[in-house]
Structures are given as structure tokens and as C-alpha cells.
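Residue numbers (my numbering), protein chains in the order written: chain A, 1 to 340; chain B, 1 to 330.
By construction, these hints were calculated from the structure, which means they are not laboratory data. Honestly, I wouldn't trust all of these hints.
[Unchecked claim] Only some residues are given here: those of chain A computed to face chain B with a beta carbon under 10 Å:
#	residue
1	P167
2	S225
3	F227
4	G233
5	Q294
6	L297
7	P301
[Said to hold, decoys possible] Just the calculated beta-carbon pair ranges, DEER-fashion:
#	chain 1	residue 1	chain 2	residue 2	range
8	A	F166	B	R86	50 to 60 Å
9	B	S184	A	E224	46 to 56 Å
10	A	I98	B	D147	55 to 65 Å
11	A	F60	B	R86	51 to 61 Å
12	A	R240	B	I28	51 to 61 Å
13	A	R27	B	P41	51 to 61 Å
14	B	I28	A	A221	16 to 26 Å
15	B	H154	A	N100	56 to 66 Å
16	A	R27	B	F15	42 to 52 Å
Predicted model, so just to flag it, every value in this text is computed and none were measured. Built from N, CA and C at the ideal position, the CB exists for glycine as well.
Each chain, written out:
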Amino acid sequence: MTVASGTLSATPKSRGPWATALRRLLRDRAAVFALFIFVLIVVLCLLAPVYAAWANTDPFTSTLDAVVHINGQDVPVMEQSTEGLGLGYTPIGPTWQIGNYFLGADNQGRDVMARLLYGGLNSLLIAGMATVVTLFFATLLGLAAGFFGGIIDTLISRFLDILWAFPVYLLAISLSIVLIAQGLNLGIITIESGSLWLPIFIIGVVYVPYVARPIRGQVLALRESDFVLAAIGLGVPSYRILLRDILPNVSTTLIVFVPIMMALNMITESALSFLSIGVQPPDASWGTIIQDGQNLLYTRPMVALAPGIAIVITVLALNVLGDGLRDALDPRSKIRIGRS
Amino acid sequence: MSTPLLEVVDVAKRFSVGTRFSRQGVRIVHALDGVSFTVMPGETLGLVGESGCGKSTLGRCITRLYDLTSGRLRFAGTDISLLSQRQMRPLRRRIQMVFQDPYASLNPRRRVRDLIAEPLRVHTSMADAEIGRRVSELLDIVGLKPDHAMRFPHEFSGGQRQRIGIARAIALNPELIVLDEPVSALDVSVQAQIVNLLADLQERLNLTYIFIAHDLSVVRQVSTRIAVMYLGSIVEMGSADDIFLRPAHPYTQALISAVPVPDLAAQGSAKRIVLTGDVPSPVNPPPGCRFHTRCPIAQERCRVERPVRTDCGPGRSVACHFPNDVVHTS
């Protein structure tokens with residue numbers, strides 16, 4: 001007894017569940033690398049205005065008559081087409097000179113690199129905010145349904161079932177088509193039709209059932225757990241039980257959902273933007289740039305390839321990070337560790 | 001005699017299992033059926049029985065974690081059987097509970113300090129510094145160190161965790177503590193420590209215990225009176241000595257005969273009664289005496305008529321048609 005207490009006192013500071021999880025995450029090399037890549041992408045996108053200022057280009061206006069200075073020569077951004085009948089113009093290809101049409105120009109003569117960074121900023125912003133929207137509503141609904149049960153649970157669960165019955169993309173596309181045309185007016189909240197909040201709201205809402213369901217299940221199990229019964233037995237009011245006993249125990253699940261939902265949202269955002277029902281021109285996102293590059297696929301493939309690669313890398317990093325987070329936060333992960 | 005602290009009158013609890021759409025439809029589990037007893041201030045009532053006999057359900061009904069299906073609960077003269085959870089709250093500081101599994105009954109994400117302070121924060125308006133002092137004091141009472149307050153439950157052994165659970169239960173100086181198998185999940189050596197701690201606390205704080213257990217030797221050690229449960233009802237009740245030395249109900253006899261005896265010579269002389277068959281399902285309890293399917297002395301009457309628990313001595317009652325026909329084993 002005294003020996004046991006002695007060794008316990010010897011540990012300098014007691015490590016909480018969060019600190020333990022963080023240590024486990026930092027030991028996971030793949031997850032740390034993925035986190036590094038993701039942070040790098042975010043920082044690069046945040047530097048978009050700096051890049052645009054330095055390259056002296058405006059990525060949101062047509063500059064068909066601009067001139068590029070390459071190896072002491074002045075070359076027009078839009079070159080006379082050399083293929084087929086030689087009709088029309090082809091934008092300049094990648095110069096591989098940073099700050100000087102690094103990835104070439106698009107159909108409007110705009111610097112693709114600058115647009116890629118600005119577009120990344122929008123893509124990340126939409127994916128991130130949509131994740132916040134999803135997790136907020138999913139937590140609210142999941143907690144209420146799981147904790148109060150009865151008629152509240154039935155109403156919420158059936159509502160989620162209805163939402164779930166629609167294929168995600170069908171729902172997102174129909175919502176977008178309607179809302180892009182006329183904007184959203186919810187009494188107090190009004191969202192303009194061109195606003196970024198529209199795709200954020202649409203993508204956020206569409207995924208709510210996918211998160212709310214597991215949260216509800218967890219709350220349902222926690223509701224019957226001994227420590228929640230103990231809290232009820234102590235006379236702790238419901239709101240306090242929800243806040244102190246239930247929410248902290250579902251928060252690990254919520255955290256694991258963050259990178260996974262961000263990856264999913266990013267793909268959905270790109271799809272909507274590619275279909276012209278996400279981010280509206282002249283604003284850019286990785287989805288709209290792919291669409292811009294669609295017609296140039298044979299002559300200037302980099303316009304579509306660059307944002308595509310950016311999406312793949314970001315989504316991959318987020319998924320690897322999500323796996324690492326799950327392993328770090330889930331106490332049962334010990335069983336599943338395949339890597340030695 | 002003084003007034004009872006707790007009166008349990010004809011309490012029943014039924015759970016429904018399944019839905020209309022499941023194969024067997026809605027089934028009713030008769031977890032408790034006609035349970036009555038009283039608990040006097042300062043005593044320890046032991047509740048024993050096989051697993052699934054409704055001991056824990058009874059404990060949770062007494063603390064009103066479950067609603068009663070029927071019956072009455074009177075605590076210190078007040079009827080608490082129909083109070084809502086909100087109305088129960090002020091009474092909760094007087095009735096506390098300690099759970100069986102010390103790993104599941106403490107929220108893994110809160111520090112020991114917060115776990116023990118929770119009842120103080122909810123029921124009193126003590127200042128933070130005062131709460132901190134009280135937590136240290138409580139840790140000391142249950143045999144832990146004040147610097148354990150900043151740790152998380154996962155840093156403790158099972159016995160230490162149970163001490164934390166006990167500290168939480170006594171924080172508000174309750175009158176009644178329902179101990180739901182408080183030592184069953186612990187090593188035998190640790191069991192003794194916790195049992196001693198509980199006995200010590202009872203004396204110091206003037207507590208009344210309802211001690212739920214399936215380990216008869218532990219129950220005998222701690223209880224002043226014992227109630228034996230079988231399939232949701234109490235079959236026999238009496239002082240600890242009466243139950244152990246002069247069991248009247250055939251089920252009690254079988255239970256007592258199964259307790260290992262440390263003295264080998266004594267064990268040789270004692271006849272062991274081995275029950276055949278399983279406990280019948282509480283979904284479909286047998287008619288008549290609930291025990292007749294396994295009773296060695298069951299007769300025709302037992303299959304038809306359910307025996308009522310009747311007094312058969314001072315503070316002694318038994319629910320059996322033929323308590324006198326029982327073969328004495330000791």
C-alpha cells in the first residue's frame with residue numbers, strides 16, 4: 001500500500017487522458033507527417049495574397065493582353081493556337097518560374113498558381129467551416145436524442161433518417177441549384193446567392209446524419225453507464241451531467257471526425273464547384289480551377305492537374321491524420337495496431 | 001424500537017424487453033415482485049442471492065435510479081416512491097450509492113478532486129477553497145493521500161478507486177448508503193481492507209448500510225440482518241446468526257451449505273446441498289412457489305400456491321410452506 005503510493009507520488013505530474021492521447025499521436029510518425037503536410041498546405045494558401053502581390057497579378061480579373069517576361073523575351077500570355085486549324089488562343093504553359101506564371105495561365109490569362117493558392121484558401125475555408133457546422137448540429141441532435149430518449153429521440157432520429165434517405169450528392173446538388181439561384185433567407189439569417197456561406201451551409205447540413213448517428217449511439221451507451229447513474233444518484237442536474245459526464249466522453253469521437261469530415265467536405269466542395277454550383281466566379285476554389293482546366297486538358301493539362309493533385313494530397317493527409325487520431329484517442333486501439 | 005429509516009412495502013419492478021416487431025414480441029421481465037422490508041437506523045442489511053435475482057435492481061429502486069412499477073418506498077417517514085427525479089434531488093444527499101465496478105463508476109475524464117467535489121458543488125454553496133479542504137479531508141478519511149486529488153481514475157488500482165467512490169458517497173454525510181457489491185470486483189486481500197473501511201466509517205459517521213453481495217462470507221461479516229433473495233423476492237430474512245446457523249428456507253440452506261468452511265474436519269461433517277437445474281427465467285417465472293422447480297422438498301402445494309413470507313420468530317420471517325420439514329444440516 002505505502003509502496004504503491006510512494007511510486008505514484010514519484011511521478012512528477014499526473015497525465016490526463018488528453019495528454020496521453022497527444023503523446024500517442026506524436027509517436028505515430030505517419031500521422032505527424034500528415035499533420036505537417038496539412039499545416040504546410042494551409043500556410044501556403046494563407047500566403048496567397050503575398051504571392052499575388054509579389055507576382056504583381058490580380059487572379060480575379062481577365063488579363064488576356066498581359067505579357068510574360070521569360071528569359072529576356074516578352075511573350076504574350078495568350079498565344080496564337082498552333083494546333084489543328086490554328087484558330088483561337090492557347091494560354092501560356094508553366095514557366096516554372098516562381099512569381100511568373102509558375103503553372104501557366106488559364107483561359108482568361110490569369111496566373112494559375114495565384115488562383116491555386118486563393119482557391120485553396122476557399123476550399124480549406126469551406127471544408128473547415130462546413131465541418132464546424134456538421135459537428136455543431138450533429139452534437140446538438142445526437143446529445144438530445146441519446147440523452148432524453150423517448151419522443152425527442154424518435155423525432156430527431158426520423159428527421160435524420162429522412163435526410164439520410166437522399167444520396168448525399170443528389171441532396172447537395174439540388175439544394176445548391178435552388179439556393180444559388182435565389183440565396184437563402186431564414187428570417188434572421190440571410191445568405192446572398194454568391195456567398196461562400198452557401199456551400200458551407202449546404203455541405204455542412206448534408207453530412208449531419210453521418211455524424212449525429214454515431215454520437216447518438218455513444219450517448220445512449222453512456223446514459224446507461226455506471227458513472228452517469230452515479231451522477232444521477234448524486235442528484236446532479238441533467239444539464240450538468242450532459243456537460244461534465246457525457247460531452248467530454250464523446251469529444252474524442254468528435255475530434256476523430258474533424259479531419260475525416262474535412263476530407264469528405266473538401267471532395268464534396270470540389271464536386272459542387274466543378275459543377276458550377278459551389279464557389280461562384282470570379283472567386284476560385286480547387287473545384288472551379290479544375291473546371292477551368294477542363295477545356296485545356298489536351299494543351300495545358302497543368303491547369304486541371306495542379307488543383308487535382310492539391311486535393312489528393314490534402315485529402316490523403318487528412319485521412320492519415322484521422323487514422324492516427326483515432327488510434328491515439330481510442331483506448332481500444334492497442335488491439336488494432338498492425339504496424340510494429 | 002425507533003422508527004425505521006427505510007420502509008420498502010410490496011415493491012415490484014418489471015422491465016419490458018423487445019418490441020412488437022421482435023420475434024417473441026414484448027416480453028415482461030419480473031425483476032422484483034412483492035419485496036417488503038424495513039431498515040433501522042445504524043444497522044447493516046445484507047442482501048444476498050444468485051446473480052440475476054434482482055439484488056442490484058432492488059438497490060437501484062431504493063435509490064430511485066429506477067422507477068418502481070408498484071409498491072411504496074418510505075425514507076425517514078417521507079414517501080419517495082412517486083417523486084420525480086427533480087423532486088428526488090434534495091433527498092439524494094441523504095441516500096447515496098456505491099457501485100460494484102470501480103472502473104465504470106468513475107468518469108475517466110475527470111480528476112479525483114472533481115469527482116469527489118461533484119456532490120458538494122451540486123448540493124452545497126461551499127466556496128472553492130472550502131471544497132478543496134473537504135476533498136482532502138475525505139481522501140484522508142478513506143485512506144488516500146491529499147495529493148491524489150489531481151490524478152485521474154486510471155492511475156489508481158481497483159481498491160483505491162473504490163475508496164474514491166466511497167469518499168464521493170460520504171461527502172455529504174448521508175444517512176443511508178446502498179452498497180451494490182462494493183467488494184465483488186476486488187482482490188480478496190483488498191476486499192478485507194474495504195470491508196474494514198466501511199465498518200469503520202459506519203461507526204464514525206453513524207451510517208446505515210444496505211449491503212448487496214453474492215459472497216456469503218463477506219455478508220455475514222458485515223451484516224446485522226440478512227435478506228435472502230430468489231428470483232425477485234425475499235425468501236427469508238433474519239439476523240445474520242439465525243440465517244447462517246438456523247436457515248429455515250431450503251434455498252437458504254443450499255446457499256449456506258455452499259460456503260466453503262476453513263476447518264476441514266467441520267467440512268466433512270456438513271452435508272452439502274447441491275441444487276439442480278438453472279434459475280428459471282424471470283420473463284416467465286414458475287407458478288406457485290418460485291423455488292419449487294429446484295427445491296429438494298417441493299410438494300404439490302408448492303406448485304400451486306405461492307407461500308407468503310410470515311414471521312417465524314423474533315425479527316425472523318420465511319416464505320416457505322414447509323419450513324419445519326427442512327432437514328437441518330448443521
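Hint check results:
1. Taking 10 Å as the C-beta contact cut-off toward chain B, the hint placing A/P167 at the interface is violated, the least distance being around 27 Å.
2. Given hint, A/S225 at the interface with chain B, holds; its Cβ is 6 Å from that chain's nearest Cβ, closer than 10 Å.
3. Below 10 Å, beta-carbon pairs count as interface contacts, and A/F227 has one with chain B at about 5 Å; its hint therefore holds.
4. Taking 10 Å as the C-beta contact cut-off toward chain B, the hint placing A/G233 at the interface holds, the least distance being around 5 Å.
5. Against a cut-off of 10 Å between C-beta atoms, the interface hint on A/Q294 is violated, since the closest Cβ of chain B lies about 50 Å away.
6. For A/L297, the suggested interface contact is broken, since its CB lies about 52 Å from the closest CB of chain B, more than 10 Å.
7. At about 51 Å, the closest approach between the beta carbon of A/P301 and any beta carbon in chain B exceeds 10 Å, and the interface hint on this residue is violated.
8. The supplied range of 50 to 60 Å is broken by A/F166 and B/R86, whose beta-carbon atoms lie about 40 Å from each other.
9. Between B/S184 and A/E224 the Cβ separation comes to about 19 Å, which falls outside the hinted range of 46 to 56 Å.
10. Checked against the hint of 55 to 65 Å, the C-beta distance between A/I98 and B/D147 comes to roughly 57 Å, which is consistent with it.
11. At roughly 59 Å, the beta carbons of A/F60 and B/R86 sit within the given window of 51 to 61 Å.
12. The hint said 51 to 61 Å for the Cβ distance between A/R240 and B/I28, and at roughly 34 Å that hint is violated.
13. One distance hint, 51 to 61 Å for the beta-carbon pair A/R27 and B/P41, holds here, with the actual separation near 56 Å.
14. Hint check: B/I28 to A/A221, Cβ distance near 24 Å, so the stated range 16 to 26 Å holds.
15. As the Cβ distance of B/H154 to A/N100 is approximately 58 Å, the hint placing it in 56 to 66 Å holds.
16. Between A/R27 and B/F15 the Cβ separation comes to about 46 Å, which falls inside the hinted range of 42 to 52 Å.
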